[in-house]
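Peer 1: Next come the chains, spelled out residue by residue.
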Amino acid sequence: MNEILLNNQVIVYLLSESILFGLLFIAFVITVGILVGWDFGSYSEQQFRLERRAYLVMTILLFVFTVKFLLLAYFVFAIDSLSLLVPGAMCAAGVISANDYGMLLLFLKLVILFFLLLWMALNRYDLNAKNYPLFRIKSWLFIAIFLVIAIETGIDFAYFGHIDTLEPVNCCSTLYGQLEGANPLPFGLNTMTLLILFYLLYVVVMGAALSSQRILFVAAALLFVFIAYYSVVYFFGTYIYELPTHNCPFCMLQKEYYYVGYLVWGTLFTGTYLGLISSVMEMGLKVEQGRERSVALILLSIFVLLCTAYVAVYYLRNGVFL
Amino acid sequence: MRNSPFFHFLTLEFFKERKKHIGVIAISLVILFLLSSVLFISSSIRYSLEQTLEQEPDFVVQRTQGGERVSVPIEWTDGLLEIHGISSVTPRVYGRYFFKSKEDSFLVVGVDFMDEQSHKALRTIMDETDLKQFLKGENMLVGEGVSRYLKAHFYPKGYTFLTPKGAFKKVHLFKVLPKESNLIANDMIIVPIELAQEILGMSEEEVSDIAFNVPNDDEWENVEDKISSFHYDLRVVTKNDIKKAYENLYNYKGGIFLILFLITMVTFVLILYQRYSMVYSSERRHIGLLRALGWSINDVLKLKFFETMMVVVMAYVLGVALAYFYVFVLGAPLLREIFLGGVNLHNSITLVPILDFGILSSIFLIYAVPFVSAVLIPVWKIAVTDPKEAML
Amino acid sequence: MIDDVMIIIENLNKHFRSGDALSKVLKDINLEIRAGECIVLKGVSGSGKTTLLSIMAGLDRPSSGKVLVEGESISKLPDLHISHFRAQKIGMIFQHFNLFDHLTAAENVMIPLIPAGLSMDEVNQKVQKSLKLANISHKTQSTAGRLSGGEKQRVAIARALVSDPAIILCDEPTANLDRDNSLKFIDILGQLHDMGKTIVVATHDPLFDSLPFVSRIIPMEDGSLVSTVPNDTLAES
Amino acid sequence: MIKLFYAVGALLLLIIIVMGVHYILGDRKSVSDGVNAVAGLTRISSPSFSVAYCEPRIGGVEEAVNIAYPEMMPLDRMDFVYAK
Numbered sequence: 474m475n476e477i478l479l480n481n482q483v484i485v486y487l488l489s490e491s492i493l494f495g496l497l498f499i500a501f502v503i504t505v506g507i508l509v510g511w512d513f514g515s516y517s518e519q520q521f522r523l524e525r526r527a528y529l530v531m532t533i534l535l536f537v538f539t540v541k542f543l544l545l546a547y548f549v550f551a552i553d554s555l556s557l558l559v560p561g562a563m564c565a566a567g568v569i570s571a572n573d574y575g576m577l578l579l580f581l582k583l584v585i586l587f588f589l590l591l592w593m594a595l596n597r598y599d600l601n602a603k604n605y606p607l608f609r610i611k612s613w614l615f616i617a618i619f620l621v622i623a624i625e626t627g628i629d630f631a632y633f634g635h636i637d638t639l640e641p642v643n644c645c646s647t648l649y650g651q652l653e654g655a656n657p658l659p660f661g662l663n664t665m666t667l668l669i670l671f672y673l674l675y676v677v678v679m680g681a682a683l684s685s686q687r688i689l690f691v692a693a694a695l696l697f698v699f700i701a702y703y704s705v706v707y708f709f710g711t712y713i714y715e716l717p718t719h720n721c722p723f724c725m726l727q728k729e730y731y732y733v734g735y736l737v738w739g740t741l742f743t744g745t746y747l748g749l750i751s752s753v754m755e756m757g758l759k760v761e762q763g764r765e766r767s768v769a770l771i772l773l774s775i776f777v778l779l780c781t782a783y784v785a786v787y788y789l790r791n792g793v794f795l
Numbered sequence: 017m018r019n020s021p022f023f024h025f026l027t028l029e030f031f032k033e034r035k036k037h038i039g040v041i042a043i044s045l046v047i048l049f050l051l052s053s054v055l056f057i058s059s060s061i062r063y064s065l066e067q068t069l070e071q072e073p074d075f076v077v078q079r080t081q082g083g084e085r086v087s088v089p090i091e092w093t094d095g096l097l098e099i100h101g102i103s104s105v106t107p108r109v110y111g112r113y114f115f116k117s118k119e120d121s122f123l124v125v126g127v128d129f130m131d132e133q134s135h136k137a138l139r140t141i142m143d144e145t146d147l148k149q150f151l152k153g154e155n156m157l158v159g160e161g162v163s164r165y166l167k168a169h170f171y172p173k174g175y176t177f178l179t180p181k182g183a184f185k186k187v188h189l190f191k192v193l194p195k196e197s198n199l200i201a202n203d204m205i206i207v208p209i210e211l212a213q214e215i216l217g218m219s220e221e222e223v224s225d226i227a228f229n230v231p232n233d234d235e236w237e238n239v240e241d242k243i244s245s246f247h248y249d250l251r252v253v254t255k256n257d258i259k260k261a262y263e264n265l266y267n268y269k270g271g272i273f274l275i276l277f278l279i280t281m282v283t284f285v286l287i288l289y290q291r292y293s294m295v296y297s298s299e300r301r302h303i304g305l306l307r308a309l310g311w312s313i314n315d316v317l318k319l320k321f322f323e324t325m326m327v328v329v330m331a332y333v334l335g336v337a338l339a340y341f342y343v344f345v346l347g348a349p350l351l352r353e354i355f356l357g358g359v360n361l362h363n364s365i366t367l368v369p370i371l372d373f374g375i376l377s378s379i380f381l382i383y384a385v386p387f388v389s390a391v392l393i394p395v396w397k398i399a400v401t402d403p404k405e406a407m408l
Numbered sequence: 008m009i010d011d012v013m014i015i016i017e018n019l020n021k022h023f024r025s026g027d028a029l030s031k032v033l034k035d036i037n038l039e040i041r042a043g044e045c046i047v048l049k050g051v052s053g054s055g056k057t058t059l060l061s062i063m064a065g066l067d068r069p070s071s072g073k074v075l076v077e078g079e080s081i082s083k084l085p086d087l088h089i090s091h092f093r094a095q096k097i098g099m100i101f102q103h104f105n106l107f108d109h110l111t112a113a114e115n116v117m118i119p120l121i122p123a124g125l126s127m128d129e130v131n132q133k134v135q136k137s138l139k140l141a142n143i144s145h146k147t148q149s150t151a152g153r154l155s156g157g158e159k160q161r162v163a164i165a166r167a168l169v170s171d172p173a174i175i176l177c178d179e180p181t182a183n184l185d186r187d188n189s190l191k192f193i194d195i196l197g198q199l200h201d202m203g204k205t206i207v208v209a210t211h212d213p214l215f216d217s218l219p220f221v222s223r224i225i226p227m228e229d230g231s232l233v234s235t236v237p238n239d240t241l242a243e244s
Numbered sequence: 005m006i007k008l009f010y011a012v013g014a015l016l017l018l019i020i021i022v023m024g025v026h027y028i029l030g031d032r033k034s035v036s037d038g039v040n041a042v043a044g045l046t047r048i049s050s051p052s053f054s055v056a057y058c059e060p061r062i063g064g065v066e067e068a069v070n071i072a073y074p075e076m077m078p079l080d081r082m083d084f085v086y087a088k
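Protein chains in written order, with our numbering: chain V, 474 to 795; chain X, 17 to 408; chain Z, 8 to 244; chain E, 5 to 88.
Among these hints, one or two may not hold up.
Okay, derived cross-link-like pairs now, DSS-like style, lysine-lysine, Cα gap no bigger than 27 Å in a straight line [what the hints assert, rightly or not]: (1) Z:K133 <-> E:K33; (2) X:K404 <-> V:K603; (3) X:K259 <-> X:K269; (4) X:K259 <-> V:K728; (5) X:K260 <-> V:K728.
With the C-beta cut set under 10 Å, the calculated list includes, among others, these residues of chain X facing chain V [claimed, not checked]: (6) S58; (7) K191; (8) S219; (9) L317; (10) P386; (11) W396.
Don't read these hints as lab results, they were simulated from the structure. Backbone N, C-alpha and C fix where the C-beta goes; we use that ideal spot for every residue, glycine too.
With the hints as extra help, turn the sequences into a complete structure.
Peer 2: Below, the structure is given as structure tokens:
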């Protein structure tokens, strides 16, 4: 067992993941059983038993979602504490790029959280309707989620198993830094246009949400996430670190920056998820999701405010931009 | 919170099943107490060790032959001085002096008291008057473990060392090092450098190894390359190696403990599963009646969920507080031996209270996730009892 | 006329599968109950009146057939909705009172209101009102376990009335009561009838035979209804 | 009954506060000062024999170590990193 697998946080993380996978497997078996025997019209005792079992699947998924949400933060925290063991890694960025499973794993986790949230929104709608209209869609979605989670759990073990503590990894300065003039920003933007686009998209998202043009909202939200990621890494991040050359999405998760990274990325992703799901639900199922949409807008506003505040405070203190 | 009837009913229900909850909390307390005290001790010792690393010299040059460390000729220091960027090169003399029964050993350390840098350090340990008196005769500073050991073996005032050449060196015990430095100085005897060389059987121009600092971090790699090409049997130990050694040492111990701990978690989960699914008919009728009065499965699940959360939070807070009190206030009397080894001289270091987010969240996750997953299915089984149970 | 029909039951039957034997408990029942009517299901125990009552209350599901309450079929509702239906529209009074002995009378009466998520003072207001209606408000804070039979029954009535339901269902309400408590129960039932509630009582207690406010007595024998005899003719003969 | 719940809640809160106060007031400086004083003098700051070593080598016979010369450190042991 190499040192990585012996690290306390890694053991606790893998244990939690496998317990969740065990529960999900039970839910998977039950869902398959329900899908096979499901016939809403019939009065048979079998049908009522299946309806009761559906509640077990719902409870398991609710619990799995909350724990997976906490485990994502815990995963990043564990990776951060591993950076001492991996030579050359100063923060989580180095450890994640230790082998090629890292980035894929992080991406999978974000996707899974989105679909779990979507499943719970569908489930709430399904329970409120009187005849379980979305039952089959919901169950098939869960089966898809289960397969993705199975892959994710496999990659978890693969990722932690293959982190080599001898061969040095490149740190975030090489991963995200300016590679001798090559412009890392997408669509050939420079910093100024990136910022303009960032605030413009934010206004578009708010406008679309308030005037409830949902397709525009979905498009704007997706683009906003993409642009926000780059603007945080290449512009706002430098103000958090107060160092113009330090571009890294992970270093802000560390202790010396007061774990602000969790707040920044948390509000961005949760806000976008809630926004996307509420608009998808409104378009697809014509059900009013006002509350979720307003929470999403609040979270996105907190995110933008927080980023701008860092720049403003820096400017007020030093009187000059980076 | 106060004016929601659900919360009011929740507290009534919670206290109705007091006996069951108290039983579950008691079991969880045992598990939580054991786990968190082990993690607290290991993180506290690791924190203190990391503190000592600041004083650690950046590089140590040693000479190894046949896997065995041999003493280094003093001339090597001039070779080192020529390299740019190296500062405070200090030859060090230390070695293990085995007590007569070859069971326990002291760490004999020779310090050149004439050197002004160690003179300044000495002044922090003792005041001015003792200093002159100390430098006059054959005196030694002794760690707390050593002084206790010597007292136990009837050498209260001093100790006569037997040098390899057969001469007897009577050394007077001058002062005991402060208790706080037990972490490194528990079995340490500090003597003048010439005396140490004599006791350890080294000639005048031989030292154990040479330590030096390289203030400029970026230079560490090239300094290390330069030095390792000096001699064939030379070996360089950098500060990063030591940091990784400490990390691995406590990962190793903590990790093994956690993996063994999983076995207790499995039994804990089984106990919980059995405890929560042992439903008396009165409990079943109770929930059936609730359902008959208009509570849906969601409401009963919510009630049971909050009950479980209350049990989890209560057990967690009590467990961690108990472990905190045991480790940082009582000093973890028994459990400490796992980490301090208890071998050689008995060591009683003071554990510095250290709580960081990582430990607390690990403890919560390793406790709460198995707990709730064990309780999930029995709670669901109760929640879906058929309302017509109330009619029977 | 159709709109004021409270409960419609169309060819309902219920059978229990114990092993491979199929025991038919309710056979092809058709029944219509108008709003404000007071029905008595008369029959010896085991004649299926309790099962019929629990199906009407949404506690149990029929094996086939339809149960419509205020025009909405409840036999096929998912659990979330049938629970809301029970909480809002049905007041159940059980044979053994079924109180939570460790709770006080007020807390017992409060239980059906909890899922609705009202604030505490709204709930207290309703609880006091229904306790006064069942004239047991002098025992509000005493624990249910220590009340006498009659008082327990009145707390059970208060609990059934707290969410102001349109339908009151009683399963053998007077089985555990002595004579004068039963009479007290019956005049409370009378008050409920005057308030316009639809009442269905399943009992074999002769006391209910000649009550002025009972509109129909429906005898039941092993799972099927005998022809319904309007009460007023019964009263004269 | 709700009062009892608040009492338990207050008790837990009190425990957390006492723990927090003890944690904040905990003196971390004295231990590091003592250690730094001695390490400053001897320039050796590796942990004393009983703290540093792994259990297996001490507990029983370790095949890599020769009984007659216990101080001969086996090469592959982690404690060789900075043997005394």
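Peer 1: Each hint needs a verdict: does it hold in this structure or not?
Peer 2: Status of each hint after checking the structure:
no., hint, in the structure
1, Z:K133 <-> E:K33, "63 Å, violated"
2, X:K404 <-> V:K603, "21 Å, holds"
3, X:K259 <-> X:K269, "16 Å, holds"
4, X:K259 <-> V:K728, "19 Å, holds"
5, X:K260 <-> V:K728, "20 Å, holds"
6, S58, "8 Å, holds"
7, K191, "37 Å, violated"
8, S219, "39 Å, violated"
9, L317, "6 Å, holds"
10, P386, "6 Å, holds"
11, W396, "5 Å, holds"
In summary, the numbered hints that this structure violates are 1, 7 and 8.
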